[in-house]
Amino acid sequence: MTKSYDHIVIGAGHNGLTAAAYLAKAGGRVLVLEARDAIGGASATAEIAPGYKVSTCAHLLNQLHPRVAKDLGLASHGLKFAGTDLPTTVLGASGAVLRAQGDNVEGAISPADRAKYAAFRKKLLKFSKRLQPMLLTTPPRLLNRDFKQNMDLLKLGWAIRSLGRTDMREFLRVAGMNVYDLVRDDFESDLVQVLFANDAVLGTSMGPRSPGTVLTLLYRLTGEIAGRQGALALPQGGMGAVADALAAAATKAGAEIRTAAPVARILIENDRAVGVVLSSGEEIRAGHILSNADPRTTFVKLVGARHLDAGFQRDVTKIRTKGMAAKLNLALDSLPAFTGLNQSDLAGRVILSESIEQIENAFNPAKYGEYSPTPLIELTIPSVADPSLTGPGKHVLSAIVQYAPYHLKAGWDAAREDFLKTIMARLENFAPGIGKQVVASQLLTPLDLEREYGLPGGHWHHGELAIDQLLMLRPVAAASRYEGPIAGLYLCGAGAHPGGGVMGAAGHNAARTVLEARKSGEKAA
Amino acid sequence: MNAPVTKPIHVGLKPTPFIERLRPLNKFESLEYWKGYWSPADYGNAEREYFAIRNTSSVFDLSPMTKYRITGPDTVAFLQRMVTRDVSKIKVGRVGYTVWCNDEGKVIDDGTLFRLGENHFRLCCQENQLFWLSHSAEGFDVNIYDETDEVTGLSLQGPTSCSVLKALGCEGIETLKPFEMRAFPFAGGEVVVSRTGFTGDLGYELWIDPSLALPLWDGLQEAGKPFSGVEPIGSHALDMVRIEAGFIAAQVDFVPADQAIRADRARSPFELNLGWLVAMDKGHFTGRRALLEEQKNGSKYCLVAVDIDGKYPADGSIIYHHKETEVGHITSGIWSPTAKRNIGLASLLVPFGKTMLDDLWVEIYVMRELKWEKLMVKCTVVKAPFFEPARRRATPPLTY
Amino acid sequence: MAERADKTRDVIVIGAGHNGLVNAAYLARAGLDVLVLEKNDHIGGAAVSSVMYEGWTYSNCSYVCSLLRPEIMRDLELPRHGLQVIPYEGGATMMRNGDHFATYYDHDVFREEMRRHSRKDAEAYDHYSTAVMKQCRWIKPLLLRTPPDPTSFRPRDLQELLYLGKHFASLGERDMGELIRFFTLSIADFLDEYFESDVVKAHFAGSGIIGTALGPYSPGTAYVLLHHYMGDIDGSVGAWGFARGGMGSVSSAIAASLLSYKGEIRVNSEVAQVLVENGKATGVVLANGDIIRARKVVSNLDVKRTFTKITDPKDLPGDFLERVTKFKIRGSSGKLNISLDGMPTFNNVPAGHSSLRGDLHFTDSMERMERAYDDWKAGDWSRDPYVDMLLPTQIDPTMAPPGKHYMSVFVQYAPPTLSGGRDWDGPARQQFADTVINQIAACSPNFKDLINHYEVRTPWDIENEVGLTEGNIFQGELTMDQLIFNRPVPGYAQYKAPIANMYMCGSSTHPGGGVMGAPGANAAREILRDLRIHGMDPRQEIEL
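Protein chains in written order, with our numbering: chain A, 1 to 525; chain B, 1001 to 1400; chain C, 2001 to 2544.
Since the hints were made in silico from the structure, they are not lab data. Remember, predicted model here, so these are calculated numbers, not experimental data. In this text, a Cβ means the ideal position worked out from N, Cα and C, and glycines have one as well. Do not take every clue at face value.
[Claimed, not checked] Which bits of chain A does chain C cover? Going by a derived footprint, with three or more residues having C-beta under 8 Å, they are:
#	segment
1	107-116
2	207-214
3	362-375
4	456-469
[To be verified] List of simulated lysine-lysine pairs, DSS-like, C-alpha gap at most 30 Å:
#	chain 1	residue 1	chain 2	residue 2
5	B	1296	B	1371
6	B	1354	A	148
7	C	2328	C	2404
8	C	2328	C	2496
9	A	322	C	2134
10	A	129	C	2377
All chains, please: the whole structure from these sequences, using the hints.
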């Protein structure tokens, strides 16, 4: 006899787990169904070779929402950091090195740039700070808002308005710009330009010159980790530890998590979602269904066209999800030697690129369905700060390789080997001899990220972060408040506002929406 | 560059399979725009053509009518999701009139669905709809094919039409009920006859391979001789009878929702008095949720038939309440030669036309000997159709 | 000359570009004493006709007309002063495989042509047009309005913001979303939603990149397309036409209108400096040292030239100057004007075909167009450029001797400065011309033989002669950070400079470039408002 549940969460990604934990804490009977054998989605740690564990997908924590961490007591559920406020090192041409941590920057930077750096960064952080309230707000509708939504809209507007006249004007100007112009207007040194450009373009399908890349930068800087805005942290045990803590919080509160339980479809009766059917044929019912899957999968695949309006279906199909980032994980028998970098650099984040033009040039082939021969690489060697991943002496390297398009003309299955060689050659430039240190490698192309982690188009955020896919338009206007056209079905993943990054805000907001619905339902009953 | 010079496409009106016969008859070359096809507006005297429809038999070239063949295992599911009617209730061999809506529940177009097989439909409509059809087809195993130029249509309408078809050799045609269709052998091939039309009178639509179009034309002319002839008609005469029948026309009585540029122009089926086409209980279809909301909150507009004092056609005139407040306009209006009334269809702002029926006035501008005069005449909401002969629905149809 | 003591004018307009002239004409019409000062020996700025080869008239810079606001044509009685705009029909993209994609005035013929390339695209076209039309209809009323300052609490700004909000809401929820998409999507993404055929997309995408330093894959180019579509000729939205006698006749008609209102224009009168006394603009100093005083000074120059070349930096607030220097004015286009001994024939389209009377292109795929942009990014002109080519003499008999033709070839992309230290004013200019001529000749066997003379205009030439910074035809990129209340500088979108009594009326201001006249008219309205002279209130958006 199947148990009955109040809420079913489809997918145990970090947002799904966050939603589950909140709902369970509020007294609901919650079931989380995960297709894979492991929980965490893209926030995962796995062994890529015996004795080598690594964050297979996302590799740094910078946006986990403090409210979520606090409400769910993640620290008490085992989330520890191997490093907070990590330094970033940019390694450019012929051993030029730029080191940045917080407002400090040194190395390959002109005195003029150095003098401006802190103020410039503070300005961006200030703008991002104003966007923070947006993260936990359910987007008001474009039209026909009720009183509460009007108040929310006013609050969001006021957050910007209260910047003061000068800053607000500057905010309205830069928000629509591209990062290339933004940083080149103020800085002349290559590597400081790279530093900002990397944070703006990583995970998007844009180059530094693409309008909209300042917005992605500001979005990223809304993140706060370990009490610091715009900082980076390394969870002890890899990103899987975040998922484990969330899962612990959820199960502690009474939620049930089933892995290897792929959902085949969402059960709809009388135009209302009433349960799910697993691939095994098992049918489970619940009052509310939350989907951590991306909007397209949720609606087109799990709900199905016959329950959707044709225009809505088209809108959902149109969501731009062109991923251009691949992930390379290497198991290494010893610590690689990056020219010009020391051990403490390698404990942080390393960006490999000579200049912002180089990043733009790396973007060019990706526009035409080719991978970049000289991709932008952001890497970490988490085993330096966290030996628990590999044991002493051995290391894992985790690299995000930007500008490998999902739609590769040659086809990924044919090109994967060559692409791996290309990346290794690029790494070899910066760390001579690294190739010989490799024990095992795992390359996840955008196609693999889609197949393995369900990221549509391999896009981290389940949909490009652009003005037309944010707030009341995320993922589409008719589903921007976590509830789509089907009553009882909610989106709780990165495809919903405010988007991806291991943040938990979408899960938090979706759970709040469900709880409100539950309350008003109880009242009605 | 050795590639050959590409011949640019043909510039001019597209011929229909009947053009050889029709062009010589159209002495004034009076044409009506219909998707770029050669399509007659009248043959010199629309009034005479009108009386052929109501008195004897008329033929109208339906070749430009857009026809889509819809096949595949999901055909019924696809149509159920697209149109407002319950398609499962249209039996094989029958025809159903329907509309389809966008997400907001506004009508995109209307048309007729011919069920040719369990999973084989033909959708006939005025406008090109492939864009919407193909988007609606995503997620369904269906095949949609534009067969406009491969199926020729001819509308035979009028009191003698049954007799003419019998004389043509369609044995048993008199047993064909309204909205039924049947195939008859003709000239070595076959002609499919459906008892449908846009006239509100006894009439049939004939569907045939283009190669048999001229023999069909000639055959009908021959067969019609003993019955006072079969008169070719143009769109003007057709427009008169459809208004008498209370039928609406796209681009005249409503703007197809996907072409409306202004936000308030599109109309729901309820607002077009087509609520009877909406099957809320059949499961989901595009626009259903919006239409449920509309049912709950009430419609903003309504479409009604009106009787207007006097004799001057009120087409396009503005309707006032108490001679002061604008409350709508006449979308189609003619002097009806059969009903002997000045009739029209009107779009009104609810509650006018629903509960507020009195004190409605139409402002008509008439030119009398080169002088324009403004008339404020009374307008009464009535029930359509304005003319409904018993032969329209009787099976077998009464002899003339 | 210097001995002539000039009286104090009501208004001095610096630069006789079309916006300067429109501005001056409106002010003169309101009864003000207006003087327009132009550094060149001719008026018109980038809207000029000139004879560079005996018997031929070139539209040297801008070459087609659509955006000029009908309200301005009517207010200033431009037709009475000689302006005739003749719409042209059709156009074609010649394809590498020898085929072509033509556009036709007749909707059904055009549909058949699209069907030849893709049935799906033929069906999608009406939906695409409706989508574009909806947005154009929304934007049009904003063209002749002054953008509000969103940071201000002045009743006027709040009122205008409220108007914008209401206007936005009038679209309905779905189209509100669509509008936002128009401002942020790339033209490639937008076209992908409707069309599948590469040549169809490439043909339409041209409007998304003309004059801009963005490729068709760059977010924001969908708006540039709108910018090119929001004009109309005789109510036919998105239609383009030729000004009879070349684009100079637009300028001369506005000038004639100005003169009829007793305004004055002086050519060969370069302004060296705006005179500022006690924080107020009081006149100008000419290059020859003459001083002319005025109650109001208006600059038609782009915002960079206005505030970095003819204004003393000490008269400007620091952050204003910083934002001016950060304003993006990027040269991205060049031009060839060619005098031809006869009508060239083309491999892809038969002689006499209607499409030849319209805009002709050779870029048959989105990828070629984007690659052309990649060259620009690298500091080179496009090896395979996108051209917008017209032969107006097929329609306009006044621009060349009978049987002879004038060809206008607009070329996208050409960078303002070349990489590798190359100078435009050297062999590069000829190499650039050869690139373009060879591209045309590849489709037209007799083209090279027909050439009598040609004029090459690189961004460098345009900057030097016309005075457009970097040769940018819009006086500033049309990206979101530089539109509406951000144009030209946040906080200064109301046509007023930070110096009292000084105004801006060039395309650097809202609503931007193209021979539209709206910035000039809007600036005039603001000036009259400040002078408390009535007669030019914001347009009511009644559809007439």
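Outcome of the hint check:
With 0 residues having a beta carbon nearer than 8 Å to a beta carbon of chain C, the segment 107-116 of chain A misses the requirement of three or more and the stated coverage is violated. Interface restraint, the segment 207-214 of chain A with chain C: holds (4 residues with C-beta to C-beta distance below 8 Å; minimum three). Check result for the segment 362-375 of chain A against chain C: holds, 3 residues qualifying (beta carbon to beta carbon below 8 Å, three or more required). Counting residues of the segment 456-469 of chain A whose beta carbon lies closer than 8 Å to any beta carbon of chain C gives 3, which reaches the threshold of three, so the coverage claim holds.
Restraint check for residue 1296 of chain B and residue 1371 of chain B: not satisfied, since their Cα atoms lie roughly 49 Å apart, outside the 30 Å limit. Proximity of residue 1354 of chain B to residue 148 of chain A is assessed by CA-CA distance (about 35 Å); at most 30 Å being required, the pair is judged violated. Under the criterion of a C-alpha separation no larger than 30 Å, the hint pairing residue 2328 of chain C with residue 2404 of chain C is inconsistent with the structure, at around 40 Å. Annotation: proposed proximity of residue 2328 of chain C to residue 2496 of chain C holds, straight-line Cα distance about 19 Å (limit 30 Å).
Between the alpha carbons of residue 322 of chain A and residue 2134 of chain C the distance comes to roughly 28 Å, so the proposed pair stays at or under 30 Å and holds. With a C-alpha separation of about 33 Å, the suggested pair residue 129 of chain A and residue 2377 of chain C falls outside the 30 Å cut-off, and the hint is violated.
Taken one by one, the earlier hints fail for this structure at numbers 1, 5, 6, 7 and 10, listed in ascending order.
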